[in-house]
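**Student:** First residue of the sequence shown: 1, per the numbering used here; consecutive thereafter.
Since the hints were made in silico from the structure, they are not lab data.
Hints are supplied without guarantee of correctness; some may be wrong.
Unchecked claim - Derived DMTMM-like pairs: lysine to aspartate or glutamate, alpha-carbon spacing no greater than 25 Å straight-line:
1) Lys205 / Asp266
2) Lys387 / Glu331
3) Lys130 / Asp103
4) Lys546 / Asp485
5) Lys327 / Asp345
6) Lys215 / Asp147
7) Lys350 / Glu279
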Amino acid sequence: VHSVGGQQGLTNLYVRTVFADPTKRIWSGVVGFGLFEYASGLFLQFTNAENADPFVSVIHQDRSGRLWFGTQGGLVCKDKTGWKKFTTRDGLSADSVRAIADDAAGNLWIGTEGGGLNRLSNGQFTAFHKTNGLPGETINALLSDHDGVLWIGTDGGGLGRLEHGGFITCATTNGLLSDSILYLIEDTRSNLWMGSYVGLMRASKKSLNDFAAGKVDFIACRAFGKSDGLLTSECTKGSQPAACLARDGRLWFPTTKGLASVNPLDLTPNTNRPPVIIESVLVESQPQITNAFGARPQSITLPPGRERLEIQYTSLNFSAPDNVRFKYMLEPHQSRWFQAGNRRDAEYLKLPPGNYFFHVIAYNEDGVVNQSGATLAVIVLPAFWQKTSFRILVGVGLLAVIGGFIYFFATQRLQRELAVLKQREELEHERARIARDLHDQLGANLTQVSLLGELAEADKDQPDEVASYAQQICSTARETTHALDEIVWAINPSNDTLESLVNYACKYAQEYLELAGISHRFEVPAQLPAADIAPEVRHNVFLAFKESVNNVVKHAQATSVSIRLSLEPDTFTLHVEDNGRGLAGQPEKPGRNGLRNLRQRMEDVGGSFSIGPAAGRGTLVQLTAPLVKH
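Go ahead and model the full structure; you've got the sequences and the hints to work with.
**Tutor:** What follows is the structure in structure tokens.
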């Protein structure tokens with residue numbers, strides 16, 4: 001080993017990258033001082049303007065012999081014609097160049113820091129980003145293999161694979177140990193080696209290609225760390241060349257604590273399938289099953305309300321226990337295998353009631369899988385509200401409630417329609433009554449007036465006859481006026497109250513009895529209740545009262561009449577009492593239609609009629625009808 005340093009011209013011993021070209025010229029990038037060439041035992045610094053950037057971390061020679069240098073200030077090329085520098089002004093996506101590779105088609109690939117991947121072809125730059133399928137925007141390493149595939153190591157995005165314009169990403173979810181790939185190299189057995197912060201990774205290109213083709217969903221990746229002889233698991237990054245394949249097939253890897261070397265031919269693959277066991281099962285963090293080695297739990301039952309299930313498993317692989325990879329699935333809750341990596345527990349929250357089947361399998365450090373793995377039946381019992389019978393009962397109850405609402409609203413609608421029809425019927429009945437009253441009273445009176453007028457015209461030469469006719473016409477006109485007043489009062493809705501009925505009836509009785517010369521007395525409460533009376537009730541009660549007063553005047557031969565109003569909670573009664581000759585012990589004589597009509601009229605409106613002897617002598621008529629209080 002021969003050491004070189006400051007005495008040989010190095011201005012800084014922090015050498016970032018070293019490259020030996022086919023002509024045995026040695027190039028090195030020195031931090032802070034740019035590019036140096038080692039010749040004749042001395043380092044000579046290049047200070048030309050094209051290569052003025054002091055930070056050179058990438059040196060690469062393409063198939064045509066051109067040297068390419070990646071710096072923080074752009075991409076530099078040295079060929080037979082001299083030096084040339086490319087920056088963002090020339091189409092480069094970012095000036096900080098982290099990795100360089102070229103392919104058999106003559107394309108130069110440039111990985112940048114934060115600017116994605118660039119392709120230089122025929123003097124034109126083309127940029128690729130995450131929007132194009134690139135795993136990450138910061139590229140740490142590039143490798144173009146003999147099959148025309150470009151492998152891309154990203155910082156945090158995993159391993160990228162570019163073939164025929166299509167990107168495929170391989171990440172920790174697919175079997176890799178880390179998503180930060182620091183450098184790449186291929187050994188003589190078509191294995192891809194990847195440096196990372198957590199150790200070296202080795203994956204066969206066949207496994208990677210099968211994953212890219214969709215043939216498998218898991219990459220067989222072997223991890224190497226301190227347990228395998230490395231002084232540290234952290235590899236270095238930020239320089240190219242990094243890892244080296246020697247002529248004897250040995251691989252050299254830079255780490256943060258020095259170089260590591262391995263001959264892939266000396267690595268014997270582990271062909272043993274790793275045994276898998278379920279160690280314990282926890283429900284709501286409480287152990288339910290603890291597995292002693294050799295015992296295999298068959299099933300676990302979760303009672304209602306216990307929602308958190310944790311299954312802990314492991315593999316008895318003593319050669320490389322930290323490199324065992326697991327995947328599991330809970331059928332039918334999961335339709336695909338979950339890649340668990342080296343995680344050794346599966347957790348489920350709020351599983352629906354039902355029967356499940358948990359299956360976990362393991363891969364050893366060389367990708368050999370134990371397909372049998374370990375299994376566990378999981379039974380989640382339903383709460384009472386989750387049972388089919390309860391749901392049927394709730395469904396029936398819901399349908400009953402909906403049916404009840406439908407019936408209620410339908411009934412209300414029918415009642416409204418019936419009310420409208422009843423109102424129309426009452427209106428038609430009232431119109432018919434008004435027409436009948438107009439015809440019976442006003443029509444007859446007007447006909448009588450017309451006949452009296454014609455008689456007066458015929459006897460105009462007889463003054464006494466004409467005077468008699470005129471007197472009759474006046475009397476008939478007065479009767480017509482009273483009849484018209486009654487009709488108007490009956491049809492006016494503002495009079496549909498007890499107070500209006502009593503006032504109108506007493507007024508009529510007073511005027512009529514005064515004309516007949518009969519003394520009268522009214523007994524009415526000083527304060528009448530606010531009560532409504534239907535128009536038909538009001539009209540019939542008044543006509544019955546009128547008929548009763550008329551009977552007193554015409555038939556009773558009375559000298560005094562007492563009219564009294566009595567009230568009950570839901571009814572009122574008009575009492576008409578006279579001191580006439582009475583009924584001679586017979587409340588109602590056969591053949592007298594007037595009393596029969598009075599009774600019928602009161603019964604038609606839900607009331608009653610009675611007639612009998614008064615307390616002293618004479619007759620007592622009682623008219624009882626319903627009322628509605630506010």
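**Student:** It remains to establish, for every hint, whether it holds in the given structure.
**Tutor:** The hints, checked one at a time:
1. Of the pairs offered as hints, the one joining Lys205 and Asp266 holds, with about 19 Å between alpha carbons and a cut-off of 25 Å not exceeded.
2. Restraint check for Lys387 and Glu331: satisfied, since their Cα atoms lie roughly 21 Å apart, inside the 25 Å limit.
3. Only pairs whose Cα atoms come within 25 Å are accepted, and Lys130 paired with Asp103 is accepted, the gap being roughly 22 Å.
4. For the hint pairing Lys546 with Asp485, the CA-to-CA distance comes to about 14 Å; that is within 25 Å, so the pair holds.
5. Distance check on the hinted pair: Lys327 and Asp345 sit about 10 Å apart at the alpha-carbon level, within 25 Å; holds.
6. The suggested pairing of Lys215 with Asp147 holds, with an alpha-carbon distance near 19 Å, which does not exceed 25 Å.
7. Our distance criterion of 25 Å between C-alpha atoms is met by Lys350 and Glu279, whose separation comes to about 22 Å.
Against the hints set out earlier in the document, no violation occurs for any number.
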